[in-house]
Structure formats: structure tokens, C-alpha cells
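Chains as they are written, first to last, in my numbering: chain C, 47 to 344; chain P, -7 to 294.
Since the hints were derived computationally from the structure, they do not count as laboratory data.
Take these hints with a grain of salt, some might be off.
[To be verified] Derived DEER-like restraints, expressed as beta-carbon distance ranges:
{"#": "1", "chain 1": "C", "residue 1": "L224", "chain 2": "P", "residue 2": "I64", "range": "27 to 37 Å"}
{"#": "2", "chain 1": "C", "residue 1": "R228", "chain 2": "P", "residue 2": "G61", "range": "34 to 44 Å"}
{"#": "3", "chain 1": "C", "residue 1": "F106", "chain 2": "P", "residue 2": "A225", "range": "50 to 60 Å"}
[Claimed, not checked] Derived coverage of chain P by chain C (criterion: at least 3 residues anywhere in the stretch with Cβ under 8 Å from a Cβ of chain C; other residues may be distant):
{"#": "4", "segment": "90 to 100"}
{"#": "5", "segment": "211 to 220"}
{"#": "6", "segment": "223 to 229"}
{"#": "7", "segment": "269 to 280"}
[Stated by the list, open to error] Far from chain C by the CB rule (all over 10 Å, computed), these chain P residues:
{"#": "8", "residue": "L38"}
{"#": "9", "residue": "P65"}
{"#": "10", "residue": "W110"}
{"#": "11", "residue": "V140"}
{"#": "12", "residue": "S208"}
{"#": "13", "residue": "D256"}
Backbone N, C-alpha and C fix where the C-beta goes; we use that ideal spot for every residue, glycine too.
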Amino acid sequence: MIVESLKSKVESQKLRSRQYSQIRSFTDSLILEESMRYLKLIRRFIIIAFQDVLAYRMNFWISLLYSVLNLGTGVLGLVVLFGQVETLRGWTLASTLALLGVYLTLGALRGLFIGPSLEALAGMDGEVWTGQFDFTLLRPVDVQFLASFRHWRPLALLDLLLALGVLGTGMAQMGQTLTPGRVLAFVIGMTAGLLILYAILLAFSALVFWSPGFLFTWLFNALLQTARYPVGLYPGWLRLVLTWIVPVGVMTTIPAQALSGDLPVGMLAGAVALALAFFAGATVLFRTGLRRYASASS
Amino acid sequence: MMQEARGKGQEAGGKGQEAGGKGQDLRITDHASRGTLPQVNLRGGLALMRKTWLSWVQHRSFFFLLAFGWMIPPLIYLFVWSTAAGGGTVGGFSRGQFVAYYLVLIAVNQLTYSQNNWTVGDVIRYGGMNALLLRPLSPVFDTLSSEVAGKVVYMLFIVPVTAALALWLRPELHVTLHNGLAFVPALALAWALRFFWGYWLALLAFWATRADALLSLQDALIFLLAGQVAPTALLPGALRVAATWLPFRYMVGFPVEVLTGQLDISGILTGFAFQLGWLAVALALFGVMWRTGVKRYSAVGG
């Protein structure tokens, strides 16, 4: 009797574990399918964007003009500054050029998808303002995903190429040897920087749910320009603000320092932690704001 | 709110389309086709200015935001050059002199900047010009009235902010009577030059749809050559020569240099000569563009 019951218990245990593993594999495949679906969506969005670009070919040249102007003013600004002084708080023309490269790279990545997507949401005549956002909400996809990846601007790849050129030139002039450790630190720093940039933009866009008329992203764009120069060049109080409150300084200064090798590991870890904290905070803010959305009507 | 703020001509554009839709005869008033300025219709002009002023004040938070954005680049260079000067001098400038230079530049840049140059192109492209041409006033008065209203609204932001920055960053500024007196016409000419130079560029919209790219080019050149990135005296060789001969320095940097006492009498007089010369060129180009452009203009809308 006892043996019987034990047997049946073991059987049921086995069955349960089998069921469990079946369920596990089922949900695993669901998650996989789900992420595949999102990747496929991103592919679609990019294809649409390319088709759009091909329809307006003149825009290519205009875009190129803007990219070159942006690059030219940035580089010449540094040349003028370092024509007067040799070094500035430890920064030379070469290392500041590398930092400008990081700034332009982040800007190009932003222009590629984060910027256009969030601008369509919260910018001038954005979806929240016009009420078009209703249709975004109705789609069977995660809203934050759609708000962040929906719109692409392939012409930003031009900016990316030029930016990487500036970065390369700066590094070549620095004459630093690139150890794998430095490259790794640089990639981690860049990723953290991009995540912070995304988080801040998401948070500023989310504020639009509270005050639909105000262009919060424009406010941020103004502040972002301070990241063209190393944080160390600003006076003490501003340095604190740009490191901890609106960490635009962290986004460019840390990857640039990682390249030249004078970045303590603790700073890098701190940047990653800061990026994760900002990302979590911005996501919470976005989802809270979402609940306030009440469409628009005339 | 923002849609209206984007261009003063938008509601006018709506009206123009209405007129076209009803199939009314869009007769272009005589002065416009001849391209001469009419006698100013005083009552109409005042009403126009009042309307424009009210619309600007209503959207002030938007314009404060714009002013904040335009203030940041000079402010960055203020900090960077201050750090470079430290306790000593760079290129003959001390920290306090850099602060003074850039605070004056923030105000002058805002006073001479004409954002209307950007909206003129839109008014032409979207057909808003129809309604403007029907008025018994040259369209340039529409732009001028929003120019005046805009300056007042921007100053409501810029003056307190620069004053607060001045109290805090301790600029070194000794204004002599000569410099102060020379500053006023230098500023007025700088505004006129920047306004008409931008306006003739914007009128290229009569021929090309993406003419506003040239306005971006102009902004970039102003950034480099008009004293934003550095006072003209600190620019390296070729850039300084370009700054001296091209019109851009005389739109922003020159009045600032006059007020902060960087120029002697001959420098000031040469600067005035350049300003007047380039202003004449800008006015001539504006006249030609306007006359040939309006003839070519065909309305969009309906």
C-alpha cells in the first residue's frame, strides 16, 4: 500500500516535472518568438524609412550639407580654442577632438532612431498633442517599444560616418595604443552613454503627458550642447549638475577618458549603474505618464 | 498653440486657401507687382502690430524656450574661454573680459537674430503669401511688426537672465561715452544687415523649395566668423581675414567689440564702412529678389 502510494507520488512528481519542463520550453519559445517579432518589426520600420528616403533624393544633399556644417563648426571651434592654449585642464586638441567624435557619434545614433521616434511622439505637432497617439496605443505591441523605435532616419548614417571619422582622427593624433581593455571600456562607456541619452530623452518626452504644449525635448537639446566639451572645463557647480542631475557630461567625457586610458574602473562602473538607474526611472515615468493620457479633442 | 507659433503666416495661409477655394480672383495689389513699398497705411499698420504683439505674448513660454536655446552656445564659450584664461590672460583677454564680451554677445545675438527669415520661406511655400499680397501693405511690414514684437518678448527673458549672470560671474566692462554712443548705430546697422541679408536668402524660396538650407549655412558662418566661437581678434589667420571681409562679423561681433572697447577710432570707422557697404548690397539683393520673385510667384492652395 505504502509502496503503491509512494510509486504514484513519484509518478505524479515525474509527470509534474515533465509538465513543468514542457511549460518552461513553451514559455521560452514564446519569449523567443516575442523578441523575434520585435526584431522583425524593427526591420520593417527601417525598410519603410529607406523607401521614404529614396523618394526624396534632394534631401540627401541637404542632409549632407547639414552634417558637414555641424562637423565643420565643431572642429573649427576646437582649432580656434587650441590655437590660443596648448592644453586645458589636461585636455589637448587631440583628446578633445576624440571627445567631439564621441559627442557626434551619440548625436548620430540619436538622430538615427531615438530622436525621430520620440520627436514624433512629443515634439512639435507630436502624437500626444494631436491625439494621433490613440492609434499607437491600439496596436498590439508594447507602447514604449513603439514610441522608441517606430521612426528611423537613415540619413543619420552620414552623420555617423563623419563622427567616426572625427573620433578616429582624434585617436590617431593622441598617439595612444589601443589595448583590448581600453576598447572594451570605451564600448561599455558608449553603451552607458547611449542608454543615459535614451533615458533622458524618454523622460523629457514623458513630461509631455503632464504638459502637452511644452517642448521639453528642445530644452534638453539646449543642455546637450554642453557635452561638446569635457565636463572638466566648466566651473565646479556646473560640473556637478552636468554629472549628476542632467548627466550629459558623463555621456561623452567617460568614453573619451576610457580611450586615453585615464579612467578608473570605479568611474566606469558608476556610469553603468547611473545609466541603469536612469533607464529604470525613465521607464517608470513614461508608464506613469501614459496613464494620464486622455487623448485630444477639439 | 504651437502650430500658430510656428509661423505668423499660418492663419493667413488658411485665409488665402479659402479665397482660392471660392474661386475669387486673386488680384495682386499694384505695389506688390511693382515691388515698390507703398505709403504706410498707419491704422492698418498699427492694427497689424497689435495683433502680432498679442499673439507673441500669448506664446511667450515657447519663445522663452527658443531664447534659452540660442543663449546656450555663447554661454558654453563663455565658460570654456573663462577656464582657458584662468587667472591670467588669453590673447589679451582676462577672465572678466571674456565674461563681459559673451554676456553682451548673448544680448546682441538675440536682438539681431531674425527668426522671421525662417518663416518667410514657409509663407511662400505654403501659399500664405496670397493673403499677404492682398493687403494694402507690403508683406515686409508683416515681418517687421513680428520682428518688433519678437524682440520685446525675447528681451523679457534675456535681460533678467544676463543681468543675473552678470551679478554672479563679475564681468569686467568699462563703457566709455564714445563706445556707448557708437554702440547704438552699430547695433541698429547690425540688425538691419542681418535682417535683410537673411530676408534675401529666404526669398530664394520663390525658386527653390529647400532654400532654407542656405539659412543654416548662414547660421554656421555666423557662429564661426561673427564672434561666437571666439572674439574676432582671437581667430587664426585665414579665419580672421574672412571675418574682416565677409558680412557676418558686422551682424553680431562688431557691435559687441565696440561696446567692450576692443576697437580704436579707426577700427570703429572701418567697421561702420563695412556695415554700410554690406547693408547696401543686402538691400539691393533684397529688392531684386522681391521684384523678380513676386512676378514668378504662383499661389498654392485652394
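Cross-check of the supplied hints:
| no. | hint | in the structure |
| --- | --- | --- |
| 1 | C:L224 to P:I64: 27 to 37 Å | 34 Å, holds |
| 2 | C:R228 to P:G61: 34 to 44 Å | 36 Å, holds |
| 3 | C:F106 to P:A225: 50 to 60 Å | 39 Å, violated |
| 4 | 90 to 100 | violated (count 0) |
| 5 | 211 to 220 | holds (count 3) |
| 6 | 223 to 229 | holds (count 3) |
| 7 | 269 to 280 | violated (count 0) |
| 8 | L38 | 30 Å, holds |
| 9 | P65 | 6 Å, violated |
| 10 | W110 | 13 Å, holds |
| 11 | V140 | 24 Å, holds |
| 12 | S208 | 6 Å, violated |
| 13 | D256 | 22 Å, holds |
Checked against the numbered hints above, the structure violates hints 3, 4, 7, 9 and 12; every other hint is satisfied.
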